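Chains as they are written, first to last, in this note's numbering: chain A, 1 to 137; chain B, 1001 to 1663; chain C, 2001 to 2185.
Derived from the structure by calculation, the hints contain no laboratory data. Hints may contain errors.
[Unchecked claim] What follows is a set of in silico ranges between Cβ atoms, one per label pair, in the way DEER data are often shown:
(1) B:N1658 x A:R86: 47 to 55 Å
(2) B:N1658 x A:N87: 23 to 31 Å
(3) B:A1620 x C:R2108: 15 to 23 Å
(4) B:L1623 x C:V2172: 44 to 52 Å
(5) B:L1623 x C:A2169: 18 to 26 Å
(6) A:G89 x B:L1642: 52 to 60 Å
(7) B:Y1638 x C:L2026: 20 to 28 Å
(8) C:S2100 x B:L1656: 25 to 33 Å
(9) B:V1609 x A:N87: 50 to 58 Å
(10) A:N87 x C:M2091: 15 to 23 Å
If you're wondering where the values come from, they're calculated on a predicted model, not measured in any experiment. For glycine and all other residues, C-beta sits at the position ideal for the given N, C-alpha and C.
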Amino acid sequence: MHLAYPAVLAALLFCVGVYGVLARRNAILVLMSVELMLNAVNLNLVAFDVWLRDTLHAGQALTLFTIAVAAAEIGLGLAIVLMVHRNRGTADVDRLRDTAERPGSPDDGTDGGTDDAGAAATPTDETPHGEKAEATA
Amino acid sequence: MTTTTLAVLVPLLPFLGSVAGLLLGRTAPGFVRPLAVLPTFAAAVLAALVAARQGGGKAIEAATELTPTGSVPIDLALYIDGFAALVAVLVGVVATCVQIYSTGYLREDPRYPSYAALVSLFTSAMLLVVYSGDLMVLLVGWEIMGICSYFLVGHYWETPEARAASLKAFLVTKLGDVPFLIGLFALAVDAGTFRITGVLGAVASGGLDHPTLIALLLLAGVAGKSAQFPLHTWLPDAMAGPTPVSALIHAATMVAAGIYFTARLLPVFAESAAAMTVLAVMAAITMVGSALAALAQDDIKRVLAYSTIGQLGYMAGALAVGDRGAAVFHLVSHGAFKALLFLAAGTVIHAAGTNSLTAMSRMSGLAKRVPDAYWTMTVALLALAAIPPFAGFFSKEAVLVAAEHTALGDQTIQPAPAGAGWTVLVAGLLTALLTAAYALRLWLRAFRGRGAEAPDHGRQPIAMTTVLWVLAIPSLGFGLTVTYLDDWFDGHALTPTVTTAVLGTGLAGAGAVITYAVWRTLAARAPVAGPVPLPHVAHPDADAGLVEKEALDLPHPAEDPTDPGRAFLGPLHAPAADGFHLDAVYRAAFVRPVLAAASLVRFLDREVVDTYVSAAGNSAKGLGWLVRRAQTGNVQTYLSALLAGSVVLVIAAVALANAVAGA
Amino acid sequence: MILAAQAAAEAPGFLSPSGVEIAFLLVGLVTLGAAVVTVTTRQLVHAALWLVVALGGLAVEYLLLTAEFIAWVQVLIYVGSVVVLLLFGLMLTKAPIGRSPDADSGNRPVALGVALAAAVALVWVVVDAFRTTWIDLDGAVQGSTEVTGATLFKHWVLPFEALSVLLLAALVGAIVLSRKKEQAR
Chain A
1 MHLAYPAVLA ALLFCVGVYG VLARRNAILV LMSVELMLNA VNLNLVAFDV WLRDTLHAGQ
61 ALTLFTIAVA AAEIGLGLAI VLMVHRNRGT ADVDRLRDTA ERPGSPDDGT DGGTDDAGAA
121 ATPTDETPHG EKAEATA
Chain B
1001 MTTTTLAVLV PLLPFLGSVA GLLLGRTAPG FVRPLAVLPT FAAAVLAALV AARQGGGKAI
1061 EAATELTPTG SVPIDLALYI DGFAALVAVL VGVVATCVQI YSTGYLREDP RYPSYAALVS
1121 LFTSAMLLVV YSGDLMVLLV GWEIMGICSY FLVGHYWETP EARAASLKAF LVTKLGDVPF
1181 LIGLFALAVD AGTFRITGVL GAVASGGLDH PTLIALLLLA GVAGKSAQFP LHTWLPDAMA
1241 GPTPVSALIH AATMVAAGIY FTARLLPVFA ESAAAMTVLA VMAAITMVGS ALAALAQDDI
1301 KRVLAYSTIG QLGYMAGALA VGDRGAAVFH LVSHGAFKAL LFLAAGTVIH AAGTNSLTAM
1361 SRMSGLAKRV PDAYWTMTVA LLALAAIPPF AGFFSKEAVL VAAEHTALGD QTIQPAPAGA
1421 GWTVLVAGLL TALLTAAYAL RLWLRAFRGR GAEAPDHGRQ PIAMTTVLWV LAIPSLGFGL
1481 TVTYLDDWFD GHALTPTVTT AVLGTGLAGA GAVITYAVWR TLAARAPVAG PVPLPHVAHP
1541 DADAGLVEKE ALDLPHPAED PTDPGRAFLG PLHAPAADGF HLDAVYRAAF VRPVLAAASL
1601 VRFLDREVVD TYVSAAGNSA KGLGWLVRRA QTGNVQTYLS ALLAGSVVLV IAAVALANAV
1661 AGA
Chain C
2001 MILAAQAAAE APGFLSPSGV EIAFLLVGLV TLGAAVVTVT TRQLVHAALW LVVALGGLAV
2061 EYLLLTAEFI AWVQVLIYVG SVVVLLLFGL MLTKAPIGRS PDADSGNRPV ALGVALAAAV
2121 ALVWVVVDAF RTTWIDLDGA VQGSTEVTGA TLFKHWVLPF EALSVLLLAA LVGAIVLSRK
2181 KEQAR
């Protein structure tokens, strides 16, 4: 079998995942797109492992690890999304903009966004960061 | 003790007294007065002792080199000849008198400790100038004197006049000091040494390459220090200082330094006929101009200031005709009577509560209120007007005799052009007439006023009146010692000759008679006005220093038809009262261009340089604004930018790799 | 490189595909289509379901590449647990059932541009690099459970154990994060 087939499929899947991460509004859909990207990488790993006939089967072992890490990631990510939703009443990524630089109050970090009703001040400020870190992992 | 040790102690004692006074001024106010008077007094006694031991004979020399100073060595050197010994005695005596007088005059002044310390430092610096045998050390004293004079003139710094006068003294004397410094260096380079004996030796052996240049540069400094035309304008304004300071500056220290310096280095100046001519013309203009200006002044101290400038012109004239003996003789006798004049004027101002002659002429009986000042001032004015047998007559005659000798081509000590002799002689005779006129005008208007009774403020402090009588002695009798002084001053006869004595005294008498006649006529013609309300000081019974300070702010009564000076001068009166508008000339020639240049610099700084600075700041701010625009807070935007950047990098890397592989 | 060169010399062309290749292509098209629908659909629950199709398709591809253990793990973990978790997440965040008009954020054009550029660049690079590379699927089985288990526990024991620690930490973290505030008080 041509190596190009799995490689191209993996590349396209990855780009679809990228599009999803960048374009979806709901945080859970963003997580799904992240899963797509991870799977594209997994496909690459398996294909190259098979092609190279590695005696250690590093590719397949790494794929297993990736799957496990992805499972952990989805668990944590969902927990964070739930918490954000519970605190903010929304899981929309583009409404979590507390780190934005606003012309009115350039240095006022503690003042949450005016559109985020009932925002608890400090702990929720951390959540977008955490979510982002997980999303890019 | 050896004479050298004594001589070293003379400038050192007032210096130590000054330092101690500055240190103890606040903590131990009780010591301030003894610390001010005693070291100065001791210095005066020691100076007299040194003079006695020197005795007009061979010069005492001592030198020690502290440290090697490159190509031109600088020594701590003493050089005491007859001139130095006598001038030091004068400085010591006048400074002692001023210090004693100040204890009464500035009795309640809160800044008396620093004032007394500065006067001591002033004295010490002048003594250093007098005794120093090294031009560099002399320059140190010269500059310290300048600093002290600026501070002392600005003693009443609360008044704008004092501040302005202090600044003016600084600027004008510095204008002369800069060329002076350059001249000193040029002289040292030509002569190869800063030692005065070395310089004079080099002059004697014809070792000077640029005598005219050096002499003219030095003359600028001398003109600044000794208030000669055209750098004299600071001296009348320096009247804003306390009267004892004026006495010190005018009689013994500051202005005497320039004349004394020229007398010391006269052979250098005599090398250049051009410099001597310049000096003669300068002296002539100074003499006549200042005498005319003195006739028109209303402030009693400004009259005396202009008279000082005129008498300094006499000394400069004597130097210009090559007779330094006559110059220093006049310096010493003038120092005595001018100090007396100023100190007496201070008493008069205190008693009258004003410094305006017009105001004084409207009060009667001032002479009765201050009899000591009245009598001593009369003596001093007679000396100033050169009436025999007072001190001024002999010294002025010495100057005129020297000028006559030079003009007629007789033998003189130093070669000098005959033109200089004629200039000095004519100007000197004319000034003799004018001097008598303004001296009499001052006396008449101060002590022969008519009008309301002068206010009674009680007796003047004993410290002040005693000093007046002490100084009256040399004013009266110093001239009589003239026959014994020849040995001190180069061994050249200083006795008057018949021609000049008759001419000078005759002209002085003529001036006095004319003034008196004019005064009588005007007084008879003028209606005897009722008691005119005069401007008066706020605290007439206070300390003399305070009265004078308040008098500085009083307006001067405008027109006074009974002023003989006005009738004497005619149309010249207005320009003369304003110092012949020299200040306006300076304003146009120097102040305006400097201000224009300053505003140009200000414009360049504000509009040009600042534009660059603010442009740098604004561009950073604009960039910051742009970057802030990028901070949307939307994670997806950030990620998009990140990934797009990665893609661009990847494409660039691949394209580059392909290009390299293809090549 | 020598291996690649030999493979390239012996490699058959793209115009005469083998049976495995045809199967791989068809399943790949289905997977890609499902993935595209996942990231574009406006119905959130449908997205999760289409994700199942995509992940399942990938499992089939693993099988076709003879990595059978990975394929079963894929089915087990992704299809069995991850998607279920995602559905739970949708439920708990009260995701709307049916079409939601605002499923895509305003960042969509940028995302499209970036994704297309990345796709073009990646496909170009991959095709350019591996156009003639041939995978020899015959011979010894490479991805059977036995082989994978042997390598995993022979060579990869330490990472495997570290991974279990990571999973534990993730478990604890997820519980801590999602615990309700009322219980904490």
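A quick look at each hint next to the structure:
Between N1658 of chain B and R86 of chain A, the C-beta spacing of about 52 Å keeps the proposed range 47 to 55 Å intact. Between N1658 of chain B and N87 of chain A, the C-beta spacing of about 51 Å breaks the proposed range 23 to 31 Å. Between A1620 of chain B and R2108 of chain C the beta carbon distance is about 35 Å. The supplied range of 15 to 23 Å is therefore violated. The beta-carbon spacing between L1623 of chain B and V2172 of chain C, approximately 45 Å, falls within the hinted interval of 44 to 52 Å.
Between L1623 of chain B and A2169 of chain C the beta carbons are some 42 Å apart, a value that contradicts the proposed interval 18 to 26 Å. As the Cβ distance of G89 of chain A to L1642 of chain B is approximately 29 Å, the hint placing it in 52 to 60 Å is violated. Separated by about 38 Å at the C-beta atoms, Y1638 of chain B and L2026 of chain C break the suggested range of 20 to 28 Å. Look at S2100 of chain C against L1656 of chain B: about 45 Å separates their beta carbons, and that is not inside 25 to 33 Å.
At roughly 54 Å, the beta-carbon separation of V1609 of chain B and N87 of chain A lies within the given 50 to 58 Å, and the hint holds. With their beta carbons about 18 Å apart, N87 of chain A and M2091 of chain C fall inside the hinted range of 15 to 23 Å.
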